[in-house]
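A.B. asks: Sequence:
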Amino acid sequence: MNDVTSSKLTISPGRLEKKFADYKPLYTESEALIEANRCLNCYDAPCISACPTGIDIPAFIKKIATGNIIGSAKVIFEANMLGYSTGRVCPVEDLCVGACVYNDLNYSPIQIGRLQRYATEKALEKEVSTGKKLFPRNSRKSEKKVALIGAGPASLACAAYLALDGVEAVIFEKDGLPGGLNTMAVAPYKFQTEDSINEANWILQHGVELKTGIEIGKDISLEQLIDEYDAVFIGIGLGTDSRLDLPGSDGPGVWGATDLIRQIKNNPDFSLPEDLNTALVIGGGNTAIDISRELAMLGAEDVRMLYRRSRKEMRGYDHEIVGASHYGVRLVENVTPLEVVRHGEKVKALKVSS
1004 MNDVTSSKLT ISPGRLEKKF ADYKPLYTES EALIEANRCL NCYDAPCISA
1054 CPTGIDIPAF IKKIATGNII GSAKVIFEAN MLGYSTGRVC PVEDLCVGAC
1104 VYNDLNYSPI QIGRLQRYAT EKALEKEVST GKKLFPRNSR KSEKKVALIG
1154 AGPASLACAA YLALDGVEAV IFEKDGLPGG LNTMAVAPYK FQTEDSINEA
1204 NWILQHGVEL KTGIEIGKDI SLEQLIDEYD AVFIGIGLGT DSRLDLPGSD
1254 GPGVWGATDL IRQIKNNPDF SLPEDLNTAL VIGGGNTAID ISRELAMLGA
1304 EDVRMLYRRS RKEMRGYDHE IVGASHYGVR LVENVTPLEV VRHGEKVKAL
1354 KVSS
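Count the sequence shown with the working numbering and you get residues 1004 to 1357, in order.
When the alpha-carbon atoms are kept at most 27 Å apart in a straight line, the in silico DSSO-like pairs for lysine-lysine are as follows:
{"hint": "1", "residue 1": "K1065", "residue 2": "K1077"}
{"hint": "2", "residue 1": "K1135", "residue 2": "K1066"}
{"hint": "3", "residue 1": "K1125", "residue 2": "K1077"}
Computed beta-carbon distance windows for the label pairs:
{"hint": "4", "residue 1": "N1040", "residue 2": "S1356", "range": "49 to 57 Å"}
{"hint": "5", "residue 1": "T1056", "residue 2": "P1255", "range": "35 to 43 Å"}
{"hint": "6", "residue 1": "G1179", "residue 2": "N1040", "range": "41 to 49 Å"}
{"hint": "7", "residue 1": "D1262", "residue 2": "S1313", "range": "25 to 33 Å"}
{"hint": "8", "residue 1": "N1141", "residue 2": "P1049", "range": "33 to 41 Å"}
{"hint": "9", "residue 1": "S1145", "residue 2": "L1241", "range": "27 to 35 Å"}
{"hint": "10", "residue 1": "D1230", "residue 2": "D1178", "range": "18 to 26 Å"}
{"hint": "11", "residue 1": "R1246", "residue 2": "D1222", "range": "21 to 29 Å"}
{"hint": "12", "residue 1": "Y1105", "residue 2": "T1056", "range": "20 to 28 Å"}
{"hint": "13", "residue 1": "R1246", "residue 2": "G1169", "range": "42 to 50 Å"}
{"hint": "14", "residue 1": "R1314", "residue 2": "D1107", "range": "20 to 28 Å"}
{"hint": "15", "residue 1": "K1129", "residue 2": "P1250", "range": "52 to 60 Å"}
{"hint": "16", "residue 1": "L1241", "residue 2": "R1314", "range": "22 to 30 Å"}
Hints are computed from structural coordinates only; laboratory data are not their basis. Predicted model only: the values in this text are computed from it and were never measured. Glycine included, every Cβ here is placed at the ideal spot set by N, Cα and C.
Put together the whole structure using the sequences plus the hints.
C.D. replies: The structure is reproduced here in structure tokens:
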């Protein structure tokens, strides 16, 4: 087991907190109790069906209402070992919260994600303070070994359940830190890098081994892993940003959204150019919305999202679009980018068709 300490992080303390305050702050105990006691504990609850991991939502909320935080967290983690991060980043408005029966009654739906965060965060804090593990390590060791490629959320969750079953789980990660997009590219107002590292460390404490700086196909071959392990899990993520290959797009002033979010989260020296007035974001998905909001929060005066179709056809969640609009982000519909116009190396305009 490797413990990835915060000393390996490159974030300047307070830098992100100043610009990117938590947009769904942790409930206080009284707030959590009030919200939990609103739950109707529905029979055949639609929120469970809407949860991709099938968490028994009424059960964990009921345990919060009765003061059983450890029991609540166990219900969550037994269905989803990454229940802490998903309580922060999951688009609950379009899943469990969107399915809450209160919506049909014209009442505010139960804030399931915030209750999930409360239960998991408080339980993990208690685990640290008492030393009593939520899930003690399995003393019965299996003879099986599994290699996992990539240290993102999929591999971390898979490795955790394997370790709890006594299987030797070894994760190979080409970068220096685990967590994948949670660490590198989830919007910092949703989930900061140190939170992701803390969650990864919790997973590793269950007996998972992490080997960083190892690239499959370069430092070790896939064939070697297949020979040495009983199974290989491939969790390499979604890949790099898509490029539009527009004339003029190569050069300073043009970024891929994920790479830019990575710099904002993890490069302490990153700042927007002083002469930046207008930022144009091409795309209509959730990543485009995230980076638009971040640019506005960092001080860009005029941030516009350009989408080739109408708003109702956008892949991004409506609540995310509304959230970005609160920071002044504007949506320009039915435009197609044609060319990045430069004067020398400096970006001056974007040529579009409509």
